[in-house]
Amino acid sequence: MAKKIQGNAAAKADGGPFPYVQGDVSKTGIEELDLALNGGVPKGSCVLLAGGSGVGKTILAMQWLFNGFKKFNEPGIYITTTEPVFKAVNNMRNFSFFDQTLISPLQIHMTDLRSIMQDLNIDYTKGDMSWQDVENILSIIKNLVEGMGAKRLVVDSVTAICYRLKDENLIRMFIFRLGTMLSNLNCTTMLMSEVASADQMYSPFGIEEFISDGIFKLEYINRNGTYVRSIRVVKMRGTDFDGSPHYYRITKEGYSFFSRVELKEMKDVPDVRLPTSINGLDRMLGGGLFKSTTTLLTGSSGTGKSLFGLQFLRAGLEKGERGLLLGFEEGKAQIYKNAKHCPEVDFEAFEKKGVLRVVCRFPEYLSFEEHLQLVKNEVESFKPVRVIVDSLSSLEKIFPHESLLDYTRRINYFLKWNGCTSILINADEGIFETSAITQGHLSTIPDNIILLKYVEIESSMRRFITVLKMRGSDHDKTLREYVIEKAGIHVKDSFKGIQGVFSGNVHRNVEQEEILKAFKDLSRG
Amino acid sequence: MTELTISGFNFTELLRKRLPIYHKAGGGKITLLDTPQQYHLPVTLELLRVLTTEFDSSGVYMTTMKVYSELVPILDAHEVDVSKIYFVDVVSKMYGLEPERTPRCEFVSSPINIQSIKNAVSGYLDKLTSQRRFVVFDSLTTILLYNSLPRIVQFTTDIAEHLKAQHVDAILVMMTTAKGSTNDKLIAELKPILDDRIDIPD
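In order, the protein sequence lines correspond to chains P and B. Each residue of the first sequence is one higher than the one before, starting from 41 at the first, in this note's numbering. Each residue of the second sequence is one higher than the one before, starting from -15 at the first, in this note's numbering.
So here's chain P without its partners, still in its complex pose:
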């Protein structure tokens, strides 16, 4: 991403009057956030970290401070106004970015504004701080920043200070003065803003956001019952930025962003087919599925969708191609057992050999972003040739349909981009209906669609298969019966002499001669 610095920086580049270094940023040290910020926060900026309780404002600020010293040798100050320093420190002990030995007066300096105010004879318990009180506090902060050459400052929280100021004008003046003073000292500042309710956008007073140079909005997002944290750069003066939400979780390492699964167009489309080795199916497909394509395999319960997937993987494994199975319906042991029974393949042995990876998750336990991350991590680390996702329908139980479409679109591009030939399994709800593939344009996403269906003929349930779509290739369009045998699926002939198989309105084909004969017999009386 090209760095774009506007305003004063351009003036400096032209020999202008302002002491502004072009492109000089305070990196957060968190890769995804720095990317969203086009490199980092412009140095000397005052950024509002706005969010409700529990979103991780303090953790982000602490990570920024500790990364600042460890990675960029920039001393920092943490000023607390809400909880004692020792508690704030204790809460950070389990994070890998935290290093207690760095807490010292000239490295990462921690202080409690309430102690300072007490010693300045400011009554911090009342909400009537005067301008003189503000000046005294600002003077101490200036002394601290100058004295230790601090490049980063955190005020946790600015809301607590604002509540102690007499009126809105003082709040405005305080933040403006603080921002200007620190900017002149080339110290970048993060101010925590406690947003208590939905009607408060970025701060309780609605003033802080206008005075700050930047705003990071942190929040919990409810995604169909699963909660995920998100951060969005709402405003950042002096730099171009990515204003879309970035999803993260808080781990031992601090902020851990879900990598984005971007929609990227294929540069090279290979003209190579991968046989499924399913008896009779490759003939229908003209030799197999094209490499780096995605196939939606859809059908009712019991039609053998998972078995198709297992056989497709087996075909690759036997040739030494890596296979990945992402299972959201059954556990690993169950999959091993199923595979051993039919199509008689020892998946456990293949996994031990390192050519197969079976990853099973309860779909409910992961958020939308974690599901995307799972695909990304497994594909990037294992580099499979064949991938089975079993199934999209189990994800639909936890995501809204739009999210499922988004998920399918993203993994479709991602898998193709990474050279994977994939089968995405989808279950039709009813026994005879095929509504799922037409819902919400799901059918437009994959390259190929294979349909498995039941049909009732002469009081027995029989199964048929048809290839509905195959991009870039002719294919067999007949409806063919298939049976499940011990060795797997066997695709047989089309239903000769029978019509209406697809619609379910089955009747026999009656030949013209037989009809004429019947009329003649009638006329003879």
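Among the hints, erroneous ones may be present.
Unchecked claim - Here are the computed lysine-lysine pairs in the DSBU-like style, where the Cα-Cα straight-line distance is at most 35 Å:
1. P/K437 x P/K377
2. P/K182 x B/K148
3. P/K275 x P/K292
4. P/K166 x B/K50
5. P/K111 x B/K163
These aren't lab readings, by the way, just hints derived from the structure by calculation. For clarity, every value in this text was computed on a predicted model and none was experimentally measured.
We have chain P; now place chain B onto it with these hints.
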């Protein structure tokens, strides 16, 4: 105990040479100890060890660096004789801790409160019974972060005069900062009252 050597500079040996000179001169010497941040802890530990164990001195240690409860075990582990030290802790209360009262330590609310620091140090001087007595201010650099330069010059000058009068040695610990910084200016301002200066090389 191994001697503390930093970049070929034997700090322990230097203390062994200099401290007896102060004593022979009758005490009341004001020494500035300027150390880079990264050597601050080993340098102060060694200073306190040599003072309390090798020279049998007793004194007051004012700290803005570590809370009393955490500091004592560290000193013990470094073979510092803590029974010979009274403490003025300027950290615990600022960190929001509620330390238990102890006769060996005064807790001051924050480095802004220099009057309380002065009172606490003075209060302990009468309790020092050994021949050789000392006060270590660790560090003036931190106190300066919370106060104006003239205020700290005044504070240091006043306390130095008081200690000189009582023949108590003072070691003013400072941490090396950039040239031209307020810290640097303070060192320049204190020159007239200093008897000695020790610079730990970077």
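Hint-by-hint comparison with the structure:
no.	hint	result
1	P/K437 x P/K377	25 Å, holds
2	P/K182 x B/K148	34 Å, holds
3	P/K275 x P/K292	29 Å, holds
4	P/K166 x B/K50	31 Å, holds
5	P/K111 x B/K163	23 Å, holds
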